[in-house]
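There are 2 protein chains.
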Amino acid sequence: MADEMQKVVLAERPQGAPTDANFRLESAPIPEPADGEVLVKVQYLSLDPYMRGRMDDAKSYAAPVPIGGTMEGGTVGEVIASNHPRLQPGDKVMGMLGWATHGVVPANQLRKLPDTVPISTALGVLGMPGLTGWYGLTVHGRPEPGETLVVGAATGPVGSMVGQLAKARGLKVIGVAGGPEKCALAVDTFGFDACIDHRAAEDARALRHAIAAKAPNGVDIYFENVGGKTLEAVIPLMNPHGRIPVCGMISYYDMGGLGMGAAEGPNMLPRLWRTILVQKLSVNGYIISDHFDRLPDFLREVAPKVADDTIAYLEDVADGLENAPHAFMGLLKGKNRGKQLVRVTPAIA
Amino acid sequence: MADEMQKVVLAERPQGAPTDANFRLESAPIPEPADGEVLVKVQYLSLDPYMRGRMDDAKSYAAPVPIGGTMEGGTVGEVIASNHPRLQPGDKVMGMLGWATHGVVPANQLRKLPDTVPISTALGVLGMPGLTGWYGLTVHGRPEPGETLVVGAATGPVGSMVGQLAKARGLKVIGVAGGPEKCALAVDTFGFDACIDHRAAEDARALRHAIAAKAPNGVDIYFENVGGKTLEAVIPLMNPHGRIPVCGMISYYDMGGLGMGAAEGPNMLPRLWRTILVQKLSVNGYIISDHFDRLPDFLREVAPKVADDTIAYLEDVADGLENAPHAFMGLLKGKNRGKQLVRVTPAIA
Chain A
93 MADEMQKVVL
103 AERPQGAPTD
113 ANFRLESAPI
123 PEPADGEVLV
133 KVQYLSLDPY
143 MRGRMDDAKS
153 YAAPVPIGGT
163 MEGGTVGEVI
173 ASNHPRLQPG
183 DKVMGMLGWA
193 THGVVPANQL
203 RKLPDTVPIS
213 TALGVLGMPG
223 LTGWYGLTVH
233 GRPEPGETLV
243 VGAATGPVGS
253 MVGQLAKARG
263 LKVIGVAGGP
273 EKCALAVDTF
283 GFDACIDHRA
293 AEDARALRHA
303 IAAKAPNGVD
313 IYFENVGGKT
323 LEAVIPLMNP
333 HGRIPVCGMI
343 SYYDMGGLGM
353 GAAEGPNMLP
363 RLWRTILVQK
373 LSVNGYIISD
383 HFDRLPDFLR
393 EVAPKVADDT
403 IAYLEDVADG
413 LENAPHAFMG
423 LLKGKNRGKQ
433 LVRVTPAIA
Chain B
93 MADEMQKVVL
103 AERPQGAPTD
113 ANFRLESAPI
123 PEPADGEVLV
133 KVQYLSLDPY
143 MRGRMDDAKS
153 YAAPVPIGGT
163 MEGGTVGEVI
173 ASNHPRLQPG
183 DKVMGMLGWA
193 THGVVPANQL
203 RKLPDTVPIS
213 TALGVLGMPG
223 LTGWYGLTVH
233 GRPEPGETLV
243 VGAATGPVGS
253 MVGQLAKARG
263 LKVIGVAGGP
273 EKCALAVDTF
283 GFDACIDHRA
293 AEDARALRHA
303 IAAKAPNGVD
313 IYFENVGGKT
323 LEAVIPLMNP
333 HGRIPVCGMI
343 SYYDMGGLGM
353 GAAEGPNMLP
363 RLWRTILVQK
373 LSVNGYIISD
383 HFDRLPDFLR
393 EVAPKVADDT
403 IAYLEDVADG
413 LENAPHAFMG
423 LLKGKNRGKQ
433 LVRVTPAIA
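Keeping their order, the protein sequence lines are chains A and B. Here the numbering used here runs 92 ahead of the position in the first sequence, where the first position is 1. Here the numbering used here runs 92 ahead of the position in the second sequence, where the first position is 1.
It is worth saying that the hints were derived from the structure and are not from the lab. Source: prediction; values computed, not measured.
Straight-line Cα separation of at most 20 Å, SDA-like style, residue types lysine to any residue; simulated pairs: (1) K372/A <-> I379/B; (2) K372/B <-> F384/A; (3) K372/A <-> A154/B; (4) K372/A <-> R386/B; (5) K427/B <-> G412/B; (6) K372/A <-> Y142/B; (7) K204/A <-> G128/A; (8) K372/A <-> S374/B; (9) K133/B <-> E118/B; (10) K372/B <-> S374/A; (11) K372/A <-> R234/B; (12) K372/A <-> R146/B; (13) K372/B <-> V231/A; (14) K372/A <-> V231/B; (15) K204/B <-> P396/B; (16) K133/B <-> P121/B; (17) K372/B <-> A155/A; (18) K372/A <-> P156/B; (19) K184/A <-> Q201/A; (20) K184/B <-> A173/B; (21) K372/B <-> A150/A; (22) K204/A <-> E170/A; (23) K372/A <-> R144/B; (24) K372/A <-> D385/B.
Please model the complete structure; the sequences and the hints are all you need to start from.
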């Protein structure tokens, strides 16, 4: 009998918030790499909000995971066997191996990692989430010294990148996060000027007053990665010529894009739309996979700052692939503080 | 006794849709121009949706009209007396004289009009509405041949400009308008590929199906000048990298930005926001008064096309300043077909 690997497959599509029943842990023989392919043993799996979208059958920016298919995901790990001259056993690599202990992929789909920083950073602060924050802030946010920026999920890998970059460029940075512990981290670890606990605000209006008290000159950039109550709170605070880069909206993901009403009722679409006009806002949605060509620019600017601790990051690590579904459900509920990872420990290596 | 002029003042602020009681016709002595000033006799007053915003006390992009103040508005007319060497009696000029038969303004706030086209065009097809359409389409719409564009109020001065320019650039153009007469005009007079009667669609969903049937390849540019049901209909039809220039939203103006629910209920804010992300849309609000410096570029491109009938336009003319309030209320309800003007006839000239 061949050595076995584990993987987590999509058992059924969720109705609203995912549950245990949507996932199934399966075993399978470890595959052999063909010509040009590489066998990788996974060390860390990244859990990200976008994965919720892949579980639905709805029109989205990427094909859904099929029922019975392995959940998609970014991973870092070690080359076990290689049929390509560029990679050798022992090399550390980043690739999209999914929720699995092992995987075989063409060598050209793997990125070899340096050993100057922990390899887990390739999934967070120096990976897709970090690039998402850097790209959106730089290209769509167009930050100017003296301006005020608001970002949600402030201690997460996107929000903390956005906030730290904006601070370094001379902006006033106000975070929004769930709970006093995260808010303290945003200020103490990431250097935000202030952080508002959205759980302490009973509705969007109360959250708006709390943000406004810290933003007496209004908001020039709202970096959108959460949607929902935070969006509704910030809309009326936007200054003329404000910018709203839109990279995500975790609070809407469980709704299939169509669900629950807005916290202030049905008035918020006209209010948002009117603000876009009156304040001459620029709102730009983007999907970071369209912009992976900017990764070298991003790493050139940010990797040295991670290496010398100028830019901080925070990782939450769940242990064992079998715990990935539970950690993912927690992520969608905001239970993580920083970048959510799974330390993948294969039963048979 | 000096000669008298008439003016329409804001008697009280409207609650929702304006009524007769919000306006009052007053007489006053015709003022004398001081040094550098010019006395103008108004021939045409322009009525525009933005005036509804000026009647409210809410935060907007311009100061509200004070109670008892003359309603603001663009006008064209003839110089009666001049204390500035640049302008002579008999000159035709465009300026912001408001809802009035006469007015005195500094000469540098008047634009002298050519006699190659009727002077009323300076209020519509070759004025602020035409510039609004041209600027938004060119700068924010970034039209490409083969793309599909949707625009509301299709026979109005903004919508008809957008549609005709887009057709000339090789786009498929679908209008939305109220009633079969306007839809026939959009196709026959303005050359739209199709026009959907939003009154024949019982809700946003029905309107969406009607638009989708004419836009089998989806929508690349939604030029937003109406909001409401049309916005909600188009959102889910937007293609990746679609653009939404936002120059107005007449359907929300009577709401103070906060009113009535969306036609499909409270779900549309999340749905809009999710579409901006998933389809990577660019949404740009703009106010044309920020871009009057582009008027010469616009006139250079478009004025010859109006003179040689390559670009058509439609004017609805109400007779007499005393009828301006009624014509304005009709405009907000979509009763006009084209550019709404008032032919101003002073009681004493």
